Amino acid sequence: MDFVDYYKLLGIDKSATPKEIRSAYRKLARKYHPDLNPNDKDANKNFQQINEANEVLSDPEKRKKYDQYGKDWKHTEQYEPGSNTGEQQSYSEGKRYSGMKSEGDFSDFFEAMFGGGADAGRRRHVKYRGEDYNAELHLELEDALKTHKQTLTVNSKKIRINIPAGIENGQVIKIQGHGGAGINGGPNGDLYIKFTIANHSDIKRSGNDLYMKVNLELYTAVLGGEITIDTLTGKVKLKVKPETQNGTKIKLTGKGFPVYKNEGQFGDLYITYEVKIPTNLTEKQKTLFAELSESEA
Amino acid sequence: MLNYLNQKLKLKTMRTDRLIAIDEFCYNHNIEISFINSLDQSGLIEVTVIGKALFITEEQLHQLEKIVRFHYELDINLEGIETINHLLQRMAFLQNENLTLRNRLRIYESDE
Numbered sequence: 001m002d003f004v005d006y007y008k009l010l011g012i013d014k015s016a017t018p019k020e021i022r023s024a025y026r027k028l029a030r031k032y033h034p035d036l037n038p039n040d041k042d043a044n045k046n047f048q049q050i051n052e053a054n055e056v057l058s059d060p061e062k063r064k065k066y067d068q069y070g071k072d073w074k075h076t077e078q079y080e081p082g083s084n085t086g087e088q089q090s091y092s093e094g095k096r097y098s099g100m101k102s103e104g105d106f107s108d109f110f111e112a113m114f115g116g117g118a119d120a121g122r123r124r125h126v127k128y129r130g131e132d133y134n135a136e137l138h139l140e141l142e143d144a145l146k147t148h149k150q151t152l153t154v155n156s157k158k159i160r161i162n163i164p165a166g167i168e169n170g171q172v173i174k175i176q177g178h179g180g181a182g183i184n185g186g187p188n189g190d191l192y193i194k195f196t197i198a199n200h201s202d203i204k205r206s207g208n209d210l211y212m213k214v215n216l217e218l219y220t221a222v223l224g225g226e227i228t229i230d231t232l233t234g235k236v237k238l239k240v241k242p243e244t245q246n247g248t249k250i251k252l253t254g255k256g257f258p259v260y261k262n263e264g265q266f267g268d269l270y271i272t273y274e275v276k277i278p279t280n281l282t283e284k285q286k287t288l289f290a291e292l293s294e295s296e297a
Numbered sequence: 001m002l003n004y005l006n007q008k009l010k011l012k013t014m015r016t017d018r019l020i021a022i023d024e025f026c027y028n029h030n031i032e033i034s035f036i037n038s039l040d041q042s043g044l045i046e047v048t049v050i051g052k053a054l055f056i057t058e059e060q061l062h063q064l065e066k067i068v069r070f071h072y073e074l075d076i077n078l079e080g081i082e083t084i085n086h087l088l089q090r091m092a093f094l095q096n097e098n099l100t101l102r103n104r105l106r107i108y109e110s111d112e
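Sequence lines, in order, name chains G and S.
Residues in the first sequence are numbered from 1 upward in steps of one, following the working numbering.
Residues in the second sequence are numbered from 1 upward in steps of one, following the working numbering.
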């Protein structure tokens, strides 16, 4: 557990007046407040640090203790850990930067010196919405094909969620009321789940459309024929036109990905043919190709 | 959920909305109703009037709480909040666009 320099965090001198502390804090709070930096973990961490610094330095008693024992925090036994004296005074200033505040937002250093979060005394009369939680869920491309239920464990609680077909990589869904508990009877926060969908080795997705490359034998490309390909939803038979060129693209309407929250609607599947040139030709095959070549000339 | 300040009201249109009484919200957050009126006038939130009572829909609660934090915690005035709101919307749009483009680029990524 390391010593935390609260003065350095707020960019002020040890001799800073309460007004200077408040001003420095407000300036940094405007910079790092979670409402102004959605989904920015670094900003949230910075915000928690400056919040903690302000918690200590704006409270005369805590500041005195910090100034006296800060670097020697291990020798603070003579103080009663967790003493909340003075909090009501700081609250009377009417400033509380709530954003992401919850238990556990304070550093180990703070907990050791002051005995945990000091909000309990402050929140006696005011109801606050609970903290929003963020979680990440990894899916395979096939998992996003069909609407299904999945059980998640968030903060030791099991939550069963419905994942709609067609969910997009990076998409975030909100599960209302499954965040942190509200304070003093306030509503719970929400749970935000970000989906990470792995790239498929053969099939690529762009929105609701799918793209895949299909190898085509030279003879089938020249003469035409029928091939069977594997798609995400099963095998599909395709008729190949004679004289199909390398790189030819075809569209299979409605064979793409399901459209998110639009049941029965699908994107398209785009197939690009890659004509395979035969290798290890026999002498006879070489002769035949030579004859073909001469016939062209 | 939200039972501390929610009221479930059946509107004349038979549409059932979860509405939050403004006076209770203001009481709980220790703010002036005039502030909510200013937000309504500036279009940052939409207040529903039923009889003499003012309400906001539950969907706007998150936005309203955010605005309250901007104003009362960060000392940002209404004009500043409007600007921030616009920029946050713009940022969300760009983030969404960025995500769409990144997902499109995945088509060209190698399999490994």
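Check the hints yourself; a few may be wrong.
Cross-link-like lysine-lysine pairs, in silico, PhoX-like; alpha carbons within 20 Å at most [what the hints assert, rightly or not]:
(1) G:174 to S:66
(2) G:45 to G:19
(3) S:66 to G:41
Simulated from the structure, these hints should not be mistaken for lab results.
The structure displayed is predicted, hence computed values, not measured ones.
Results for each hint:
| no. | hint | result |
| --- | --- | --- |
| 1 | G:174 to S:66 | 17 Å, holds |
| 2 | G:45 to G:19 | 24 Å, violated |
| 3 | S:66 to G:41 | 18 Å, holds |
The earlier numbered hint that this structure contradicts is number 2, and it is the only one.
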